[in-house]
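Protein chains in written order, with our numbering: chain A, 1 to 239; chain B, 1 to 239; chain C, 1 to 239; chain D, 1 to 239.
Accuracy of the hints is not assured; some may be wrong.
Pairs involving identical chains hold if they fit within one copy or between any two copies, as the list cannot separate such chains.
[Stated by the list, open to error] Below, a list of computed lysine-lysine pairs in the DSS-like style, where the Cα atoms sit at most 25 Å apart:
1) LYS100 / LYS31
2) LYS89 / LYS31
3) LYS89 / LYS100
4) LYS89 / LYS204
5) LYS52 / LYS204
6) LYS100 / LYS163
7) LYS163 / LYS204
8) LYS89 / LYS163
9) LYS31 / LYS171
10) LYS171 / LYS89
11) LYS31 / LYS52
Derived by calculation from the structure, the hints in this document are not laboratory data.
Bear in mind that the values here come from a model prediction, so they are computed numbers and not experimental data.
There are 4 protein chains.
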Amino acid sequence: MAAVNIQPITVNTTIFARRLAMSFTQQQLEKHQTLWNQMTSHRFLLETRDGKIADDIFAQWMKQDYLFVRAAIPFISALVPKGPLHHWKPHSDVVAMLNKEMDLFEERANAVGVSFEGVQPWFINHAYIQFLMATAYTASYPEAYTLLYTAEKAYHDAWLVVKEGLDPQSKWYPFVENWASEEFGQYVNYLQGELDAMASDVGKAEHQRMEDIFELTVKYEISFWEMAYTGAQWPGIQS
Amino acid sequence: MAAVNIQPITVNTTIFARRLAMSFTQQQLEKHQTLWNQMTSHRFLLETRDGKIADDIFAQWMKQDYLFVRAAIPFISALVPKGPLHHWKPHSDVVAMLNKEMDLFEERANAVGVSFEGVQPWFINHAYIQFLMATAYTASYPEAYTLLYTAEKAYHDAWLVVKEGLDPQSKWYPFVENWASEEFGQYVNYLQGELDAMASDVGKAEHQRMEDIFELTVKYEISFWEMAYTGAQWPGIQS
Amino acid sequence: MAAVNIQPITVNTTIFARRLAMSFTQQQLEKHQTLWNQMTSHRFLLETRDGKIADDIFAQWMKQDYLFVRAAIPFISALVPKGPLHHWKPHSDVVAMLNKEMDLFEERANAVGVSFEGVQPWFINHAYIQFLMATAYTASYPEAYTLLYTAEKAYHDAWLVVKEGLDPQSKWYPFVENWASEEFGQYVNYLQGELDAMASDVGKAEHQRMEDIFELTVKYEISFWEMAYTGAQWPGIQS
Amino acid sequence: MAAVNIQPITVNTTIFARRLAMSFTQQQLEKHQTLWNQMTSHRFLLETRDGKIADDIFAQWMKQDYLFVRAAIPFISALVPKGPLHHWKPHSDVVAMLNKEMDLFEERANAVGVSFEGVQPWFINHAYIQFLMATAYTASYPEAYTLLYTAEKAYHDAWLVVKEGLDPQSKWYPFVENWASEEFGQYVNYLQGELDAMASDVGKAEHQRMEDIFELTVKYEISFWEMAYTGAQWPGIQS
Chain A
1 MAAVNIQPIT VNTTIFARRL AMSFTQQQLE KHQTLWNQMT SHRFLLETRD
51 GKIADDIFAQ WMKQDYLFVR AAIPFISALV PKGPLHHWKP HSDVVAMLNK
101 EMDLFEERAN AVGVSFEGVQ PWFINHAYIQ FLMATAYTAS YPEAYTLLYT
151 AEKAYHDAWL VVKEGLDPQS KWYPFVENWA SEEFGQYVNY LQGELDAMAS
201 DVGKAEHQRM EDIFELTVKY EISFWEMAYT GAQWPGIQS
Chain B
1 MAAVNIQPIT VNTTIFARRL AMSFTQQQLE KHQTLWNQMT SHRFLLETRD
51 GKIADDIFAQ WMKQDYLFVR AAIPFISALV PKGPLHHWKP HSDVVAMLNK
101 EMDLFEERAN AVGVSFEGVQ PWFINHAYIQ FLMATAYTAS YPEAYTLLYT
151 AEKAYHDAWL VVKEGLDPQS KWYPFVENWA SEEFGQYVNY LQGELDAMAS
201 DVGKAEHQRM EDIFELTVKY EISFWEMAYT GAQWPGIQS
Chain C
1 MAAVNIQPIT VNTTIFARRL AMSFTQQQLE KHQTLWNQMT SHRFLLETRD
51 GKIADDIFAQ WMKQDYLFVR AAIPFISALV PKGPLHHWKP HSDVVAMLNK
101 EMDLFEERAN AVGVSFEGVQ PWFINHAYIQ FLMATAYTAS YPEAYTLLYT
151 AEKAYHDAWL VVKEGLDPQS KWYPFVENWA SEEFGQYVNY LQGELDAMAS
201 DVGKAEHQRM EDIFELTVKY EISFWEMAYT GAQWPGIQS
Chain D
1 MAAVNIQPIT VNTTIFARRL AMSFTQQQLE KHQTLWNQMT SHRFLLETRD
51 GKIADDIFAQ WMKQDYLFVR AAIPFISALV PKGPLHHWKP HSDVVAMLNK
101 EMDLFEERAN AVGVSFEGVQ PWFINHAYIQ FLMATAYTAS YPEAYTLLYT
151 AEKAYHDAWL VVKEGLDPQS KWYPFVENWA SEEFGQYVNY LQGELDAMAS
201 DVGKAEHQRM EDIFELTVKY EISFWEMAYT GAQWPGIQS
């Protein structure tokens, strides 16, 4: 009879021990596996992977994501004054990377006859950009860094899915080459290592806020893909 | 023949002269009349005015707007360091007013058996709050003040619509008494006067950004009512 | 022989145990006792306590501190968006308190024929105000709260020194009544309790930065008294 | 008799017309010529120009300015989110330039046996850095840009003075080559053009605040040279 009691205790201890051994990012990725899977299996990604995405749908993603990538530059810049000295150079490198991403968007847009002239952020894009900036200013550095990591990790994983099936001759393959690349993967690993190190040296209250930001960021990512696919505009507004 | 040419010129001159004589807020309210009407005729407001709003729909507005009113406190606070000395005291008064609004929400929620315990902002609410904070930090003071004015003016006008029909005995009438009151109207007039004065002393580029923020704020307001009515959650997420 | 080894260990253990039992603020006040004493024994305070301070020297302190108290309003306001919900109301109360302090300055200045018209911050005052605002924006909330606590504690202790000797009929006694009061002491105790609670839940790196800000704030306080006494202007500038 | 009245009017009109034709930066440089001359004729610069500066005095400038140049990186970064799109790339280039300046400091320090290990900012340096950050966050973009321009223009002009006399074989000549170079001069000209363009499109109140920041920045620059020369520490603190 005692064994009945002991068994669940044993199991709990194991889980507890495993949790303890897990880094912050491992914990969050495991805890939000369902959300993460919703993101990586979004029809936008699967149709792109399978070469079935409509050109005009891909174009609306390109237009919106171009604006989002551009908005990441002030976000990264706003992190610098709050971050440790040894993060300043990496942040500069990210800004340079974002400038190269914008070149990629412009080159691809040009190649397929899409123009970014006068493009405005749609509601969900506008909201996500506000989330970036509000977090950069009001949250602590480890909290804002959680947003950065989660968004970059999400992009890496999303484009790894597309890579699984997309024809390397596809006109969209350069995006795979950018975000599913080993180089980008190393950058995400670097962010992960830095974030996990910070997470192991914050208090309980801040740790909880970091968890909240991880979850919020995955949600914004999913909503962004949904907007790209459906063309969702401002809720409740007839234009 | 000359008269044919002169006539449109005369008309244009009149329009031009009228524009010149119009304040910033008059210009914006006229320019975005269609959007403004979409807001003041939102079914949430009309059904509330007509005493037909479902209790659970009104409750979901109460929960979300409670969080939004609370989030306005850090927004107002963030304006103080950027604003002129003579705005500091009025901003303190607004924070006191927001605290009283929260009391009103709590009193009404209590009266009708609604609890704010553990309520989280839905997507559109979260987005709007991020817009407040991102604007407070990255925009100029006159730009951020435009957001403040537009949101308060929108609330005043929205509840003036409800006031036209709602039975003063209604359990929702205290909200009418708050935002449709003469006192609140005077506060909105004060904001309008200050904003118009600032708008007359900014450069062209900043004036344009103020116009953009006026329009964005009306859109966020409409989307907020839409969320309150439809219960819209995070786009693309199955929970 | 063993006793020789045991003895120092015993002593160390005692010190270590005492340190462990000490709160953050106790630790800092003990560690920087020399600096703290330099502040509380500054000739400005001792001469004021002994009724020997020259009127024009006291007047230059009044003018500069009036500006500093005023500058504390945007500092406190900038803390709100970064702080926890239960700190918002106390911060509002501090702003109200600062407005009352400004009234006190104006009343006293009036009573003794001093005018604040067109007064500009001298170098050290300007620098201290920049330190407030830069910290509010770039440091974490517990770090910025350390500045707030240290400055308020410094003022309480400074005026407690003056209280020891100043004639209650003195024209400067109302300042004693303000900062050496039991009420102000309770406010400082409240800040101390909140700060110690936060300090016990931050990581090592943040704890170190909090210690640095404590020390910096005491230094700025001393330099402020020095400026008030000597009338020090901008270093190296002949006017 | 009328001529008596007319004459001063004529003179005033000429001055007025000249003022109108002058750009913001020309106006400020003319208005604060005395302060500017105090800066460019500071004994630190003249002794360096004449090869008479003591090595340990030059070393204390190197240590402090190294910290200041480093602190300019978060300052520039904090400007990005508030600035127009076409300033982002130039700001990135400035960060790259600052990193190169730090390399220059390290190389020179190495060459002459000076170490930056554990160097802390002295009071005036700490204050100036706080002024950078507080301005970046609380002031408008044109105001913060005024600080950037004035500090860079001050450095260019200061080192042009040194260039007039310093032996190109001097161990300090690489600093002349950096800030007195034509390339750096072109960068200052670029900042001047951008600032003048912004200044011509702001309101009166903001224009006045820009003028205040110009003057404050020159004062901080002079005080910095004074600190470098005299080794001034925290006012009123005995260590």
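Exercise. Which of the stated hints cannot be reconciled with the structure, identified by number in ascending sequence?
Worked result: 1, 2, 5, 7, 8, 9, 10, 11
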